[in-house]
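Visitor: Since each chain sits alone in its own frame, please combine them into the complex, following the hints.
Here's the letter readout for the chains.
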Amino acid sequence: MRYVCMPEDSALLSLHKSLRRCLDVIDEQQEEWYRALIDCVPLVNTLNNLVDQLLICERVNFSQTPLRGFSILHHQIFYKLEEGIDVTLEKLNRNVRILQGVRDAVSHHVGSVLHVYAVNADEINLETTLERTANSPSLADILEWLKDTEKFFRNQHLERKNLLYMGNDHLQDIRNLYNTWEKLNDLSSIRQNIVQGTVQMMYIFAHCCPVIRDDKWGT
Amino acid sequence: MESKCTVTPKKSALTGSARKIKDNAADWHNLMLKWESYNNTAFSAANKIVNLKISSLSHEKMLLDDTETPRDSTDKEELEKLCSELLELFEKQQQIQLKMEKLTSTFKGVCDLEAYQCSGDIPRPILFHTWPTNLFYETSLKMSEMYKKEISLKKTIVGEIAHTSDQDLLMVYLSCWLYQPFIDNNIKVLLESMLLETGHRPL
Chain A
1 MRYVCMPEDS ALLSLHKSLR RCLDVIDEQQ EEWYRALIDC VPLVNTLNNL
51 VDQLLICERV NFSQTPLRGF SILHHQIFYK LEEGIDVTLE KLNRNVRILQ
101 GVRDAVSHHV GSVLHVYAVN ADEINLETTL ERTANSPSLA DILEWLKDTE
151 KFFRNQHLER KNLLYMGNDH LQDIRNLYNT WEKLNDLSSI RQNIVQGTVQ
201 MMYIFAHCCP VIRDDKWGT
Chain B
1 MESKCTVTPK KSALTGSARK IKDNAADWHN LMLKWESYNN TAFSAANKIV
51 NLKISSLSHE KMLLDDTETP RDSTDKEELE KLCSELLELF EKQQQIQLKM
101 EKLTSTFKGV CDLEAYQCSG DIPRPILFHT WPTNLFYETS LKMSEMYKKE
151 ISLKKTIVGE IAHTSDQDLL MVYLSCWLYQ PFIDNNIKVL LESMLLETGH
201 RPL
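Respectively, the protein sequence lines represent chains A and B. Here the first sequence is numbered in full-length UniProt numbering, starting from 1 and rising by one per residue. Here the second sequence is numbered in full-length UniProt numbering, starting from 1 and rising by one per residue.
Okay, chain B solo, but in the shape it has when bound (with noise of 0.2 angstroms):
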């Protein structure tokens, strides 16, 4: 017997439109759960990149002389591989956030399908449980735009965070990087209808 609290409506045979909804729904999830990922590792590089640059300031300050002591070249490779580093999970972020983008055109290309093969007065079908499937698209799209936005952010932080000598702005660059400004709270929300309606969270 099936528990009923797992059981999505048509489960045992998902095939065509509603196997790939669920499969995007899915995908959602898991590229969210990296991008976090990458996002927490890359505010660690961020963070020691302004706290190197903070005291290399101070140390510049100290000094009155403009000759290159040890320590400046030191702190130079340090820099140049922790932005190395940042900038390689930036490009990281980049790439999932391409993923996404490719997802809510595959939720767009399902909706067209569907007007595609209801048009007329054929009514068009509940895939799940409620949603229709114009709202997957929808919600795709709301969320793919705030990642898009957070990561055109993300690309002006990491262009400047080096090059900044003004600590007030380096650490607005950090507190952005943390909290993620373009990427609202409900998303998570609308990632958890998505999972519920798919049959990946139980009702």
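For reference, chain A alone in the conformation it holds in the complex (with noise of 0.2 angstroms):
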């Protein structure tokens, strides 16, 4: 006998395919993400000295010091270090592109699953999308879930990315962006881990909630 789909069902389906290939996109891009953001810290620590060495340059009267006989001394350090402040600026703008490569690819599958359901969402009633029960959450619930993880790496890449615009004052833009990179990182280990802890959840749930259990679309 010919089992016959449900419009609903076939729906589910689709949402349900999507929503696995964007739970391992992101499972898979977050581990990119910590692993450029872990690069990140000795870069962020290497301006912050440099600044200090420049400062303390300005500071010093070579004429008045053992090394008054070298005269371009003080041009050829400055310009060692302002180098140096060029080079790390650099590794870390290549490492703030992975981060927007993970912006990328989870804006696009969150995108695509949102766009699943828009195109799907006449066929599944609202009863169907709301549903939650006490070990399962809605599917509502997860397409927030998602929308907020896709928010998280947005946001965190563009405040990141703020950080490395260098103005007329470069000095104090590095100060700010090594005062406020610290901050971020705490501040995105806090999320980092409520979005690690949604996607666990969610793919505990992609096995057993009712909307999109397997054994109902035998995947």
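Because the hints were derived from the structure by calculation, they are not lab data. Heads up, a few of these hints could be off.
[To be verified] According to the in silico footprint, chain B covers these stretches of chain A (three or more CB under 8 angstroms from chain B):
| no. | region |
| --- | --- |
| 1 | 44–57 |
| 2 | 64–77 |
| 3 | 81–94 |
[Claimed, not checked] With the C-beta cut set under 7 angstroms, the calculated list includes, among others, these residues of chain B facing chain A:
| no. | residue |
| --- | --- |
| 4 | E114 |
| 5 | Q117 |
| 6 | G120 |
| 7 | I151 |
| 8 | L153 |
| 9 | T156 |
| 10 | D168 |
| 11 | L169 |
| 12 | V172 |
| 13 | C176 |
| 14 | Y179 |
Using N, Cα and C, we set each Cβ at its ideal position, and we do this for glycine too.
Guide: Printed below as a string of structure tokens:
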């Protein structure tokens, strides 16, 4: 006997597949995100250290020290330190581009899930969308979590990218970068934990949720 | 069949000036690597000296009396040990710098020999790809001058680092040691060009 799918079942099946793909991508991408952020820590510290050295060199009057015999030393060391800053900023930019890649991948897949939902929204009952039990969230909950996750990566990337913008007073900008980057890391780790927790929960629910449970869809 | 990318024009039978120049280029490469290695180790010693100086300066500030505490004598011993270590490494760098000068004078000798052999209308040969022989000498001289200035700066730092009580100046010494302000960044391009020309690097 041939099994005939109801339109709602078929819609939920598409959504389930899209959701699974999305969760896999988020799981994989957040590891890349975490690695890139870890790589940034020594770079941010180096930048701050270079600013310290530049400011110290500004304070010291070379002509009144044993270094007075080296006429262009002052310019040379400034040049080297500034160059060190440029090189480190470039490395940091490279890492922020990795963050951007993660943001794009997550946004793309979350967008896909939302698109699949939007396309099939008419086929899915509102009751089914909102159905929630003691051990499983509703489809609406899951979609909302996904949006929160996407927002987390988007905002974090934007804030870090903005910090890398250097204006006229680049030494002050780097100081600001150092202080704010640390705070973002603290905040990020809290939010990151929430995102990780959410992704794990979604994984579990993807296997037992009545809305998207496996036995119903035969996956 | 010889690989196109690794062969030099006269790889099989390099003799005389070409052989000397190629060996000199390899020596330059090795000396620069050794210099960097000693520089990093010496920086580590200099860094320890500065930390020790700064901590003993703050310790002195805390003590109102001038009595010598056990900590003072331990610090002095440690400082002396680190200074000897730094001096030893500096002397090794000094030897490297002298070898670099010798390499430059060898290049000069090769140029002089060529000038002698090719006096009059005899055209000067291109020993490798495109460089005339005097370009090797000019490049070597440029690089050697950088190291000469740098070793002179390091000599001042080695002499002063343990006798300075100005913390800012101590930090400047460290920055100078690490960033080697008189060694231009284009030195790597100069070296690599020389290695490329002499066939140590594939084209």
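Visitor: Confirm or reject each hint.
Guide: Going down the list of hints, with the structure as the test:
no., hint, result
1, 44–57, "holds (count 4)"
2, 64–77, "holds (count 8)"
3, 81–94, "holds (count 3)"
4, E114, "35 angstroms, violated"
5, Q117, "40 angstroms, violated"
6, G120, "43 angstroms, violated"
7, I151, "12 angstroms, violated"
8, L153, "6 angstroms, holds"
9, T156, "6 angstroms, holds"
10, D168, "5 angstroms, holds"
11, L169, "6 angstroms, holds"
12, V172, "5 angstroms, holds"
13, C176, "6 angstroms, holds"
14, Y179, "4 angstroms, holds"
Checked against the numbered hints given earlier, this structure breaks hints 4, 5, 6, 7; the rest are met.
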